[in-house]
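Engineer: Residues per chain are reported as follows:
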Amino acid sequence: MNVGDQLPARDFPINRADLVRYAGASGDFNPIHWNERFAKSVGLPDVIAHGMFTMATAIRVVTDWAGDPGAVVEYAVRFTRPVVVPDSDGATLTVAGSVRAVREDGLAEVDLTATVDGQTVLAKARAVVRPPRPA
Amino acid sequence: MPVDQSYIGRVYPPTPPYEVGREKIREFADAINDPNPVYRDRAAAEKLGHPDVIAPPTFAIVVTTRAGHQVIMDPDLGVDYSRVVHGEQRFVHTRPIRAGDSLQVVVTVEDIRVAAGNDILTTRGEVHTVNGDPVCTAYSTIVVRGPGA
Chain A
74 MNVGDQLPAR DFPINRADLV RYAGASGDFN PIHWNERFAK SVGLPDVIAH
124 GMFTMATAIR VVTDWAGDPG AVVEYAVRFT RPVVVPDSDG ATLTVAGSVR
174 AVREDGLAEV DLTATVDGQT VLAKARAVVR PPRPA
Chain B
7 MPVDQSYIGR VYPPTPPYEV GREKIREFAD AINDPNPVYR DRAAAEKLGH
57 PDVIAPPTFA IVVTTRAGHQ VIMDPDLGVD YSRVVHGEQR FVHTRPIRAG
107 DSLQVVVTVE DIRVAAGNDI LTTRGEVHTV NGDPVCTAYS TIVVRGPGA
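Residue numbers (this note's numbering), protein chains in the order written: chain A, 74 to 208; chain B, 7 to 155.
Think of the hints as simulated: they come from the structure by calculation, not from any bench.
Take the hints with a grain of salt, since some may be wrong.
From chain A, some residues computed to sit far from chain B (all C-beta separations above 12 Å) [claimed, not checked]: (1) D91; (2) T153; (3) D160; (4) S161; (5) A169; (6) E177.
Quick partial rundown of chain A residues pointing at chain B, CB under 7 Å, derived from the structure [claimed, not checked]: (7) A98; (8) V146; (9) F152.
Note that the coordinates shown come from a computational prediction; the quantities given were computed from them, not determined experimentally.
By construction, the Cβ of each residue, glycine as well, lies at the ideal position given by its N, Cα and C atoms.
All chains, full assembly: derive it from the sequences and hints.
Structural biologist: Next up, the structure:
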């Protein structure tokens, strides 16, 4: 792991079924994540993804790169814009990363970008990752 | 009605133990479309030095959200849940959550402030095993949209 290492951009499609499954697995049944009529009644353009679903999806760029998801010792995001998931064709989350720093203790700080249709949905998204242990 | 700032520093009682099962971890990994075998196959997890299958880095939200509801639903605090949106989230892991863990959460109100007419509430959930071993700290910031927002 070196400063400037790039974690190449990946696309993650998100559809309504994903949100229903995530609601069940996480226990977050807020109807804004599965009920279009309810979402619109509270002023949203349509059903939106759970912020935590977006956060969980984005870190895959790091966990697949690190090899061991247990190497992620810290992970933080700010939710800046809802990910709108229309019934027709869903949404596509694009995530990329880069190593911004390697600390003296060997931990790498990775900055993530997460966008939908070119618009940032997670800001200040950063993971701190332990380097792979020697074989 | 603004959220009562005198609640900063309040600590809520530990949540009842939550037993982390292998099938729950698999269900969560399926739900985030992550096929990584370390979430499903004990041998794959052991190869990476884990005693059992581990949970994805955001799995702690399953236990900390329930714990955080003690705060959000506290009638004395005055949060209107229908106006709550998730603002920020941060996890600091002492070690990965794994199958077989029995976890409790102690929630503290870290901060309450007002910005642009909204109440911003940050909680800290200390996740530990029933034996008292620290596992994870989760910081959640919610925004309670004001009447004009």
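Engineer: Does the interface hint hold: is A:F152 within less than 7 Å of chain B, judged Cβ to Cβ?
Structural biologist: holds (5 Å)
Engineer: Quick one: work out the minimum CB distance from A:D160 to chain B and report holds if it exceeds 12 Å, violated otherwise.
Structural biologist: Answer for A:D160: holds, closest chain B Cβ roughly 19 Å.
Engineer: Are A:V146 and chain B close enough, Cβ to Cβ, to be under 7 Å, as the hint says?
Structural biologist: holds (5 Å)
Engineer: Report holds if the minimum CB distance from A:A169 to chain B is greater than 12 Å, and violated otherwise.
Structural biologist: holds (18 Å)
Engineer: So A:T153 supposedly isn't at the interface. Is its beta-carbon more than 12 Å from every beta-carbon in chain B?
Structural biologist: violated (9 Å)
Engineer: Would the least Cβ to Cβ distance between A:E177 and chain B come out above 12 Å?
Structural biologist: holds (18 Å)
Engineer: Hint A:A98 vs chain B: min CB-CB distance below 7 Å?
Structural biologist: It holds, given that the least Cβ distance between A:A98 and chain B is near 4 Å, below 7 Å.
Engineer: Hey, does A:S161 actually stay past 12 Å from chain B on C-beta?
Structural biologist: Since the minimum Cβ distance to chain B is about 20 Å, A:S161 lies beyond 12 Å and the statement holds.
Engineer: Confirm or reject the statement that A:D91 sits farther than 12 Å, beta carbon to beta carbon, from all of chain B.
Structural biologist: violated (7 Å)
When held up to the earlier numbered hints, the structure conflicts with 1, 2 and fits the remainder.
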